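Student: So the chains spell out like this:
There are 2 protein chains.
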Amino acid sequence: MKINVIEEQDIAEIVTNRKNRDAVQYDVIDERVKSIVQTIRRDGDEAVRGYIKSLDGVDLNNVVVSAQEIEEAYTRVSDDMMAVLTEAKENIQTYHAKQKETSWYSHNADGVWLGQQVTPIVRIGVYVPGGKAAYPSTVLMNIMPAVVAGVSDITVTTPVQPDGTVNPMTLVGADLAGASRILKIGGAHGIATLAYGTESITPVDKIVGPGNAYVARAKKYVFGDVGIDMIAGPSEVCVVADETANPAYVAADLLAQAEHDELASAVAVTTSEAIASAIQTEVERQMKTRDRQAILQESVTNQGAIYVTTDLEMAMTFVNAWAPEHLELQISHPFEWLPSVKHAGAIFLGHYTPEPLGDYFAGPNHTLPTNGTAKFSSPLGVYDFMKKSSVIYYTDDALEQVRQQVEQFAGEEGLDGHRDAVRIRFDEK
Amino acid sequence: MKINVIEEQDIAEIVTNRKNRDAVQYDVIDERVKSIVQTIRRDGDEAVRGYIKSLDGVDLNNVVVSAQEIEEAYTRVSDDMMAVLTEAKENIQTYHAKQKETSWYSHNADGVWLGQQVTPIVRIGVYVPGGKAAYPSTVLMNIMPAVVAGVSDITVTTPVQPDGTVNPMTLVGADLAGASRILKIGGAHGIATLAYGTESITPVDKIVGPGNAYVARAKKYVFGDVGIDMIAGPSEVCVVADETANPAYVAADLLAQAEHDELASAVAVTTSEAIASAIQTEVERQMKTRDRQAILQESVTNQGAIYVTTDLEMAMTFVNAWAPEHLELQISHPFEWLPSVKHAGAIFLGHYTPEPLGDYFAGPNHTLPTNGTAKFSSPLGVYDFMKKSSVIYYTDDALEQVRQQVEQFAGEEGLDGHRDAVRIRFDEK
Numbered sequence: 001m002k003i004n005v006i007e008e009q010d011i012a013e014i015v016t017n018r019k020n021r022d023a024v025q026y027d028v029i030d031e032r033v034k035s036i037v038q039t040i041r042r043d044g045d046e047a048v049r050g051y052i053k054s055l056d057g058v059d060l061n062n063v064v065v066s067a068q069e070i071e072e073a074y075t076r077v078s079d080d081m082m083a084v085l086t087e088a089k090e091n092i093q094t095y096h097a098k099q100k101e102t103s104w105y106s107h108n109a110d111g112v113w114l115g116q117q118v119t120p121i122v123r124i125g126v127y128v129p130g131g132k133a134a135y136p137s138t139v140l141m142n143i144m145p146a147v148v149a150g151v152s153d154i155t156v157t158t159p160v161q162p163d164g165t166v167n168p169m170t171l172v173g174a175d176l177a178g179a180s181r182i183l184k185i186g187g188a189h190g191i192a193t194l195a196y197g198t199e200s201i202t203p204v205d206k207i208v209g210p211g212n213a214y215v216a217r218a219k220k221y222v223f224g225d226v227g228i229d230m231i232a233g234p235s236e237v238c239v240v241a242d243e244t245a246n247p248a249y250v251a252a253d254l255l256a257q258a259e260h261d262e263l264a265s266a267v268a269v270t271t272s273e274a275i276a277s278a279i280q281t282e283v284e285r286q287m288k289t290r291d292r293q294a295i296l297q298e299s300v301t302n303q304g305a306i307y308v309t310t311d312l313e314m315a316m317t318f319v320n321a322w323a324p325e326h327l328e329l330q331i332s333h334p335f336e337w338l339p340s341v342k343h344a345g346a347i348f349l350g351h352y353t354p355e356p357l358g359d360y361f362a363g364p365n366h367t368l369p370t371n372g373t374a375k376f377s378s379p380l381g382v383y384d385f386m387k388k389s390s391v392i393y394y395t396d397d398a399l400e401q402v403r404q405q406v407e408q409f410a411g412e413e414g415l416d417g418h419r420d421a422v423r424i425r426f427d428e429k
Numbered sequence: 001m002k003i004n005v006i007e008e009q010d011i012a013e014i015v016t017n018r019k020n021r022d023a024v025q026y027d028v029i030d031e032r033v034k035s036i037v038q039t040i041r042r043d044g045d046e047a048v049r050g051y052i053k054s055l056d057g058v059d060l061n062n063v064v065v066s067a068q069e070i071e072e073a074y075t076r077v078s079d080d081m082m083a084v085l086t087e088a089k090e091n092i093q094t095y096h097a098k099q100k101e102t103s104w105y106s107h108n109a110d111g112v113w114l115g116q117q118v119t120p121i122v123r124i125g126v127y128v129p130g131g132k133a134a135y136p137s138t139v140l141m142n143i144m145p146a147v148v149a150g151v152s153d154i155t156v157t158t159p160v161q162p163d164g165t166v167n168p169m170t171l172v173g174a175d176l177a178g179a180s181r182i183l184k185i186g187g188a189h190g191i192a193t194l195a196y197g198t199e200s201i202t203p204v205d206k207i208v209g210p211g212n213a214y215v216a217r218a219k220k221y222v223f224g225d226v227g228i229d230m231i232a233g234p235s236e237v238c239v240v241a242d243e244t245a246n247p248a249y250v251a252a253d254l255l256a257q258a259e260h261d262e263l264a265s266a267v268a269v270t271t272s273e274a275i276a277s278a279i280q281t282e283v284e285r286q287m288k289t290r291d292r293q294a295i296l297q298e299s300v301t302n303q304g305a306i307y308v309t310t311d312l313e314m315a316m317t318f319v320n321a322w323a324p325e326h327l328e329l330q331i332s333h334p335f336e337w338l339p340s341v342k343h344a345g346a347i348f349l350g351h352y353t354p355e356p357l358g359d360y361f362a363g364p365n366h367t368l369p370t371n372g373t374a375k376f377s378s379p380l381g382v383y384d385f386m387k388k389s390s391v392i393y394y395t396d397d398a399l400e401q402v403r404q405q406v407e408q409f410a411g412e413e414g415l416d417g418h419r420d421a422v423r424i425r426f427d428e429k
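Order-wise, the sequence lines are chains X and R. Numbers 1 to 429, taken from full-length UniProt numbering, label the letters of the first sequence in order. Numbers 1 to 429, taken from full-length UniProt numbering, label the letters of the second sequence in order.
Take the hints with a grain of salt, since some may be wrong.
[What the hints assert, rightly or not] Here are the simulated SDA-like cross-link-like pairs (lysine to any residue), alpha carbons at most 20 Å apart as the crow flies:
| hint | chain 1 | residue 1 | chain 2 | residue 2 |
| --- | --- | --- | --- | --- |
| 1 | X | LYS342 | R | VAL122 |
| 2 | R | LYS98 | R | GLY150 |
| 3 | X | LYS34 | R | LYS220 |
Don't read these hints as lab results, they were simulated from the structure. Remember, it's a predicted structure, so these values are computed and weren't measured experimentally.
Work the whole structure out from these sequences, hints included.
Tutor: Take a look at the structure:
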């Protein structure tokens, strides 16, 4: 983990270099994804079973997880963990309930009504990764906002394991959160199945959830035919630390991020050179005690950095250029500085709000915009599972009052059919 | 325009056939788009000028519209039209102001703060089509929600005309709405320039606005690196008419939609066979008086239909399966039936609310989800130009109360670094 002193004029370059980290060419994956999607659209269930056999190595008769399998999965989760899952679920539900929007209507004295009707999406697909990355927190974080939104049909899909089963924690999480059904279909074939359906599976309206490069590119490919949440990149944290920060806490939080994978990026920005070197020492010390040595070594070396700035103002300039997925403000007056934050997925204030608290438990969503996309996108939320319709009502008198303006506008755009749709209501009354 | 009596069980098939209308292969366009984007990313301004020369046939020294050009454009718009534009702008602003979300924070007795900070996107790009489709309404509808959201930097880009100028109505609309600058760059090269910038042009964070197939595919290609609004298909209307409907009004509204282009789809659903044939007669009669004969003929014949259903309930079942961009309820009690509408871009209630009123004037946005995407997406709105950050603050006591749950969750997911980030705050206090 390097320590760099940054000047304001260097910030743009640092940010650009980090963006280039992801300028990967996806041509080979894209060709494969396209072929998988087109085959499943054409051949349906048979193609899905074929891909599960060739890609997952399993000969599956039934891709739908049975009630018995779900029941069995519950027996494999400890009572303690069930209590934690339930409490986490409640916290997530409580936070997300505040995001729920309602329809509104307004009218004026002329008899004009305008409004916005808000309705839930009907069918949602949730992709849940398998293997090492089978996280029950992901299941809760992706399903609960849909449940709060009022989505009535939630299909979870997740890769089947070589023995024909699915990770029990995924099953319990999905069932607890309120999934309507769970499919054993991973990868791009899982996304294709959700997007277009088969003889036996109804297509969904929108797909959310993280996955590997095949899943991410498949989501981009089907985007437009169905909705998708976002295209997530490697995870990242930016910790802002002033002289009141505890270097051990900062280091621990950087390592928590770095352990996700080799491309995960953990960066600290501090106003104190002493704190900077103390963080560096702590990273070295604590890293030795962690399980995921190889991953940590690589992500800390290649993606980690500690930047020293002259003051907190410049640290915030860096933060807003970086637009981190996770931002921690380990500073003495975090609430005072919060308004300076323009772009971040989630903001953790103070010395006792480590990022893992948000991953599992506090309530806000852990699916967050990565790689600078916090400049234009939001955490996964209830708003991702609802949509709006505009509503307009004019009386005949109200229309008559504005008919001239509308007719002129239509005429100016050269659309006489638009003009005459208004005109006919008065000329042929 | 055919008249078909539909049974409930036929609805799915009708909807599927309509969806297939757009199952076009974009391979050739996609290859071209990729090459344009990559060239502009590599060669910047020089590449942009090169594409303007080869694709638009213009040798441009300066791609930015000058203050003088804008001034000149104002002289070419009549006073009447300026007044209409200004009134439309105000109506759009008033409606969209109601969409603006604000940040919220809440806390509990344990010292836990949770919140959601809402901030505007900083840099927005608005694509405005040129040529025949240069509509000032498009300019207002795409810029005003960004202005209401508080976006501080709005770049409009639009194709240059063969004489090196830009449609004056586009310039006036953009300037009136509050654009920061206007570029003379159309097509996929316009999208690439907005997304990645050049030596002389700062990239934007999100791109909105309609365009041809190259523009649409370019938006899909850059999606993820920047935000985009939606991928729009051909325009469409669905008019529900009961026995109180005036067939002449219904026909006029169908034709207003059909005149957009050959793929535009205008469909009526009525509970009355008499009304159905009256609509058909009216379409024939009125069509003869309209300007765009060839377009109308083709879209009415190929994309138009009048469906007869047994009752309004079944008409609504059809509507919700169809999920039209524009829905008109020309029925006696439209407010009563409004709650039955689950999926539609914009809903026009009653006999005196023709769709063109919404295109230009009433206030709600005219950029709407097409081709069934109203099942998962919304009209363009202020929410497209703002984004959210989650906020979390725990005191040391509050964290201590839940540390066991968080540590157990992290342990269960096999992430000891996550667990230790919590643990270190108490074990090394």
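Student: If a hint holds in the structure, say so; if it doesn't, say that too.
Tutor: Do the hints match the structure? See the list:
1. Using a Cα cut-off of 20 Å, the hinted pair LYS342(X) and VAL122(R) holds, with the two alpha carbons roughly 9 Å apart.
2. About 14 Å separates the Cα atoms of LYS98(R) and GLY150(R), which keeps this hinted pair within 20 Å; it holds.
3. For a cut-off of 20 Å, the pair hint linking LYS34(X) to LYS220(R) stands: about 15 Å separates their Cα positions.
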